[in-house]
Structures are given as structure tokens and as C-alpha cells.
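Asker: Just so we're on the same page, my numbering is the position in the sequence shown counted from 1, plus 13.
I should point out that these hints are in silico values taken from the structure, not numbers from a laboratory.
The beta carbon of each residue, even a glycine, is placed where N, CA and C say it ideally should be.
Please note that the accuracy of each hint is not assured.
Keeping only pairs whose Cα atoms sit at most 25 Å apart, straight-line, the calculated SDA-like set for lysine to any residue is [what the hints assert, rightly or not]:
1) 277 / 224
2) 484 / 438
3) 142 / 121
4) 71 / 61
5) 213 / 224
6) 46 / 133
7) 213 / 166
8) 84 / 63
9) 142 / 86
10) 277 / 259
11) 213 / 497
12) 277 / 410
Derived DEER-like restraints, expressed as beta-carbon distance ranges [as the list claims (entries may be wrong)]:
13) 264 / 64: 23 to 33 Å
14) 144 / 182: 44 to 54 Å
15) 449 / 413: 33 to 43 Å
16) 184 / 162: 41 to 51 Å
17) 150 / 102: 49 to 59 Å
18) 249 / 379: 45 to 55 Å
19) 103 / 278: 31 to 41 Å
20) 177 / 52: 16 to 26 Å
21) 263 / 51: 24 to 34 Å
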Amino acid sequence: MKYFTILSVLVLTVFMVASCNKTDNFITDQGAKLSFSLDTLRFDTVFTSLGSATRSFKVYNEYDQPIRITKVRIEGNTGSVFRMNVDGYAAAEVESVEIWPKDSIYIFVEVTINPDQPVSASPFVVEDKILFETNGNDQVIHLEAWGQNAVYLPSRFNKGVPVEYSCDNGEWVWDDPRPYVLYGEIFIDECLLRIPAGTKIYVHGGIAQNDQFGVFNDGILYIQSNARIQIDGTLDNPVVIQGDRLEEDFGEQSAQWYGIFLGKGSTGNSINYTTIKNSTFCLFVDSLAQVDLNNSQFYNTASSALITYHSTVDAKNCLFYNNGSNSVELRFGGAYDFEHCTLANFGTDNAALAMTNWACLVQDENGNCLESGQYPLQFSMINSIVTGSRRDHIIFSDINNRDLPNTFVVSMRNCITRVDDLLTTTQQGLYSDFFQTICFNCINPQSDDPLFADRSENDYHLDTLSIAIDKGLNLTGIPLDLEGNPRVNAPDLGCFEYQY
């Protein structure tokens, strides 16, 4: 018994010493980091009714010493649809999680989705984070799930990844009654992409990086050279393309996604009764591409609403507004025809309309242009409004300074636009004859002239005393305004006809 007691004391002492050594041996280096089996935990289930799904990942300690995680928590905490179990402990926040040398633990995550909730409560893409705090440094695992019963293109694995679709010169129709959610970069090739009336398209953005675009805002629809897009919205059933964040705080926020590209040489494109908004830009029309824009709205962009590059654009009854750069920017020449359009860019020092017949082709490391190219510009605008906060609502940049008139041809009739510096100081007074030889029967408005109903609320209907009322030419082919109201014998300027 005496020997057993002594042995027991010795064993207990050794155990206590070992325990103390194990505790004291935890890594305390702030540079020590955990390793994970993934960086984003995605739930690919598209729920058609209330349901749950569970996924897991592993957390590794790759060191020769034990490591203690101070805290693991779901960032959304009580407001999150995600729940986790950390090495057997189920909670939104778990403290003092220990991982022994060269060992790992599992973390199980469950999500519960009710797709019947409104999008404001259950977004198309539900996102949260699991935060890890270890020795004062923070690491994160992203969580993603589909929150609505929608068509998700191309798939859950394609954030920041370009995916090409082809239909062998056939037709791909987005006619599913569910909304479409674009996730990543979608390239259309050898295909007519047709979007019927009433289709709702939501684009998931966010910072992404790949070899093709570098670091960029994700969410791209790219129509390649051998493809075209036909959007067939109607007055009663327009097509809407916007970001997928529909919570109140995001309703009018720009740069939620990147934009739509019409690639080099893509022709036969048409966009009718469509709203494109809340993007970096709405539409980029590349070299020699062509598009018809009818009865459509382009707004809430971090950059321009429409950017072109020696292409062909025909725009009728269109509204462009609230843009972080020039609302409509026509680069490197091209052929353009605008009728009954409203371009309004307030609250910024950028213009509503800018056009050039040249582009810099080679730059040095400081951004200085070493080689430029030029392409003829043909621009026509009738019965339109071009306005904003700037002294000059229009910017001209003619590389030949009007010495070669056929390379920079601008014709405007019965329009409202303000130019000031353009008449005198800009480009040494080259455009002092603007209202005599370029803009015929146009109005150069004063700051107190009534024009819009309430531009502070982005209401670009005409004021009761608007100077745009009855100032237009009768044009064939545009009998109705953007909202389907008939235009009278002396039509109003812009996309809206005043309603008495």
C-alpha cells in the first residue's frame, strides 16, 4: 500500500508537470497563423421551400507546438442564417479552442434558407464570415449560400472566373419565370442571347481578380464578336438588370457589379424597354460593335452610363443620369444618332456628354501618351436634353482642332444644352460658333430656367413651366415617349412628354 501511494504521487506529479508544460508551450507568436481546407464555404443548394443544409471544413495547426484560438465567431452572430459547431461546441461564438501540434479540427456550418421571404430579408446570395482570432491576428472564412429560388449562372464556383457559353450560332432564351442571378463573368459566343419581356436579372458583384481583367469589380456579361444580345422589354413588362443587393441601403448604390460589354465587331444588338443600373458602367460598346437603344434607362453608375469605342449606336427615348463620370462618353470616333434622349449629370464635375475622335494607343510608365490614333466621328442629336452641374454640359476633343472637318462631324438640332467655356476659352475658342454651326435652334439655358419636375429626386419629367415644352421637331418613328404617352404636333424635348 505504501509503495502504491508513493507511485501514485509520482505519477500524479509527472502528469501535473506534463500538463503544465503542455499549457505553457502554446504558441504565442503573433505571426503564427491557422491553415484551412478552403477559403470560402459555399452551399450550392437552391431551395424551393424552407430548408437547411450542412457543410464542413477543417482548421489545421501545422506547427510543432499546440495553438490556442482565442475566439471563433460568426460575424453576423444572432442576425445570421448560419450556425456553426466548432469541434463539438455549437454556438455563434466559441472561445479558447485548442489544436494540438500537426493536428486539426472540424467546423460544421448549417444554413437555413426560406426562399419565400422577400429579397430584402433573404438576398439572392447570402453572405457572412467566420472570424478567427489567434494571438492577436485575425483570419476569415467566407460563407455563401443561395437565398432565393432563382436561376444562378454559371455556378457557385465562378466568382471571379470567366465562363463561356456557346450555342453554335443558335439562340439562348432566358425565359425561365424565376429571376436570373449572374455570378462571375459570363461570356456569350456564337449565340443570340434573347431576353424576353419581364425578365429580372440580378448581378452579383464584389472584388475579384483574374489574369484577364486583373483586380476588378465582379459581375460581367460579355457579348463576344460572334454573338449578339436582343433584349425585348415592353412598356408594360420592362427588363431590369441590376445588382443583387436589394436591401434598402443598397437600393440606389452604384458599382455593385461591373457592366455589360458588347465585344469588338458584335452587331445586330438591340436593347428595348430596359433598365440597367447600380453598376460601374451600364454598357461598353467596343470597336466596330453596333447596338440600338430604345426606351431604356441607364443610371446609378460609378463611371459612365454608356461608353463607346469607335462603334455605332442609335438611341431613342433613352434616359441617362446619376453617373460618376461623363454620362455618355463616345471615344475614338464612331457613328451615333440620339433622338428624344435626356442626359442629366448633376452633383459632379463631369459632363453629360463627351466625345473624341482619337485615343492614346501607347503610354509610358507615367501615363504620358507616346502614340495616338484617330477615327472619324459622326454624331447627330435631335430633340434632346443634355444638362448637368458643370459649366459646360458637353466636352469636345478633336485631335485635328477642326482643321479636318470630316473627321469630327457634330450636328445637333432642337436641343437644350449649356456651354460656356466651350464658346471662349476651351481649345482657344474653336467652338465659339457652337450655336451657329453645330447646335441649330438650340437653347443655352440659364441656371434659373425651369426644366425638370424635381432633379434633386432624379425626377426628369418636365416641369409645368419647362423650357423644353413644345420645342421639338416632328420626327417619324417616335410617336410615343418613354412612358408610352403620345407626342403632340410640337413635341417636347427629351425622353418625357409633358402631361397636362
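Asker: Is the straight-line distance between the alpha-carbon of residue 277 and that of residue 410 25 Å or less?
Answerer: Judged against 25 Å, a Cα distance of about 23 Å means the pair holds.
Asker: For residue 249 and residue 379, compare the CB-CB distance with the range 45 to 55 Å and indicate the outcome.
Answerer: 54 Å, holds
Asker: Are residue 277 and residue 224 close enough, with their CA atoms no more than 25 Å apart?
Answerer: 20 Å, holds
Asker: When you take the CB atoms of residue 449 and residue 413, is the distance between them in 33 to 43 Å?
Answerer: 20 Å, violated
Asker: Decide if the proposed pair is consistent with the structure: residue 142 and residue 121, CA atoms, cutoff 25 Å inclusive.
Answerer: 14 Å, holds
Asker: Quick one, are residue 277 and residue 259 close enough, alpha carbons at most 25 Å?
Answerer: Between residue 277 and residue 259 the Cα gap is close to 33 Å, so the pair fails against 25 Å, i.e. violated.
Asker: Decide if the proposed pair is consistent with the structure: residue 46 and residue 133, CA atoms, cutoff 25 Å inclusive.
Answerer: This hinted pair is violated, its Cα atoms lying about 36 Å apart.
Asker: Just tell me: holds or violated, for the beta carbon distance of residue 144 and residue 182 against 44 to 54 Å?
Answerer: 49 Å, holds
Asker: Do the alpha carbons of residue 213 and residue 224 lie within 25 Å of each other, as the hint requires?
Answerer: 30 Å, violated
Asker: Take a quick look at whether residue 142 and residue 86 sit within 25 Å of each other, Cα to Cα.
Answerer: 8 Å, holds
Asker: Would you check the hint for residue 484 and residue 438, treating anything up to 25 Å between C-alpha atoms as holding?
Answerer: Cα-Cα ~29 Å, so violated.
Asker: Looking only at beta-carbon atoms, does the pair residue 263, residue 51 fall within the given range of 24 to 34 Å?
Answerer: Given about 27 Å between the Cβ atoms, the range holds.
In summary, the structure is inconsistent with hints 2, 4, 5, 6, 8, 10, 15, 16, 17, 19 from the numbered list given earlier, while agreeing with the others.
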